[in-house]
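Q: In case you want the letters, here they are:
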Amino acid sequence: EAQVTQNPRYLITVTGKKLTVTCSQNMNHEYMSWYRQDPGLGLRQIYYSMNVEVTDKGDVPEGYKVSRKEKRNFPLILESPSPNQTSLYFCASSHDSNQPQHFGDGTRLSIL
Amino acid sequence: QKEVEQNSGPLSVPEGAIASLNCTYSDRVSQSFFWYRQYSGKSPELIMSIYSNGDKEDGRFTAQLNKASQYVSLLIRDSQPSDSATYLCAVGNAGAGNNRKLIWGLGTSLAVNP
Chain A
1 EAQVTQNPRY LITVTGKKLT VTCSQNMNHE YMSWYRQDPG LGLRQIYYSM
51 NVEVTDKGDV PEGYKVSRKE KRNFPLILES PSPNQTSLYF CASSHDSNQP
101 QHFGDGTRLS IL
Chain B
1 QKEVEQNSGP LSVPEGAIAS LNCTYSDRVS QSFFWYRQYS GKSPELIMSI
51 YSNGDKEDGR FTAQLNKASQ YVSLLIRDSQ PSDSATYLCA VGNAGAGNNR
101 KLIWGLGTSL AVNP
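These protein sequence lines are chains A and B, in that order. First residue of the first sequence? That's 1 in the numbering used here, and the numbers climb one at a time after it. First residue of the second sequence? That's 1 in the numbering used here, and the numbers climb one at a time after it.
Keep in mind the hints are simulated off the structure, nothing from the lab. Owing to the predicted nature of the structure, the values given are computational and were not obtained by experimental measurement. It cannot be assumed that every hint is accurate.
As the list claims (entries may be wrong) - Selected chain B positions facing chain A (Cβ under 7 Å, derived; list incomplete):
1. V29
2. S32
3. F34
4. S43
5. P44
6. S49
7. G92
8. R100
9. K101
10. L102
11. I103
12. W104
The C-beta atom is built at its ideal place from N, Cα and C for all residues, glycine as well.
Please put together the full structure from these sequences, using the hints given.
A: Okay, here's the thing in C-alpha cells:
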C-alpha cells in the first residue's frame, strides 16, 4: 500500500529537549516536504527536499532542521523545541514539487 | 508573492444540494490545480486534480478551471453530511528549480446540514 508514515503521532515534551519526527514514504518519490498547520494559518511549509542530499528552506524554517540521506526518509529535527512550535505537523511526498502530494497522518506536538 | 485565495466560510448547504467552492490564484503561469479535503485533525486527502481549462468530473465532484480568469472551483453534487470538512485549494506553478512548488489556500469550511 502506497503511504507516507510519520512517527510519533502524538508527543508532549518540554522546552529544550531535542526531538525527531520521522517520515518515510514507499512510493519512490523524489520530492518530500514538511508542513505545520495552525488554526487560521493554513499549511505552512517548513523545509523541503527535491532529492537525496538536496534540502532547502520553506516559509517557516526557523527552529527546525532536516536531512535526506535516503530517498525514502525525511526526518524533521527540533534541536531545542519551544512552545511556539506546538502544532500539527505533516510530512508529504510527490514525484515533483508541483504535483499532487501524499500526506502522512500527522504528528501533534505539544511543547510545554 | 504568489497567492491562492479561498473564502474561509463556513459555507453551509442542506443535504442533497450542490456545494460550490471557489479558489483564485495570482500566478498567471500556474499549471496544476488540486482540491484536497481535510477533516478536523486529519491529513489532507486529494480529491481532484485539473490541468487544463474546462470541467473535470469524478463521481459527485466536478472541478472547473478558467485560466483566463485565474480561478478554479469545486462543485459537490448531492452533498452529504460526510462531505462536511475543510476544502483546500493548491496551485502548482511553472517555475524552475526551487520556484516550483505548490501554493496552498487557507481552505473553505463546508457544513452540510441533514
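Q: Does B/G92 pass the interface hint, meaning its C-beta sits closer than 7 Å to a C-beta of chain A?
A: Holds. Min distance 3 Å.
Q: Holds or violated: is there a CB of chain A closer than 7 Å to the CB of B/K101?
A: Interface hint status for B/K101: holds (5 Å vs cutoff 7 Å).
Q: Is the shortest C-beta separation between B/P44 and chain A less than 7 Å?
A: holds (5 Å)
Q: Next item in the hint list is B/L102. Is there a CB on chain A closer than 7 Å to its CB?
A: holds (6 Å)
Q: Given B/S43 as an interface hint, is the shortest Cβ-Cβ distance to chain A below 7 Å?
A: holds (4 Å)
Q: Given B/I103 as an interface hint, is the shortest Cβ-Cβ distance to chain A below 7 Å?
A: violated (9 Å)
Q: Does B/S49 meet its interface restraint, that is, does its C-beta lie within less than 7 Å of any C-beta in chain A?
A: This hint holds: B/S49 lies near chain A, its Cβ roughly 6 Å from the closest one there, short of 7 Å.
Q: Identify whether the interface hint at B/V29 stands, where standing means a beta carbon of chain A within less than 7 Å of its own.
A: violated (11 Å)
Q: Would the stated hint for B/F34 survive a check requiring a Cβ distance to chain A of less than 7 Å?
A: This hint holds: B/F34 lies near chain A, its Cβ roughly 5 Å from the closest one there, short of 7 Å.
Q: Under the criterion of a CB-CB separation shorter than 7 Å, is B/W104 in contact with chain A as hinted?
A: holds (5 Å)
Q: How about B/S32: closest beta carbon in chain A under 7 Å, or not?
A: With Cβ-Cβ at 5 Å, under 7 Å, it holds.
Q: Restraint: B/R100 near chain A, CB-CB cut 7 Å. Satisfied or not?
A: holds (4 Å)
Hint compliance for this structure: hints 1, 11 are not met, and every other hint is.
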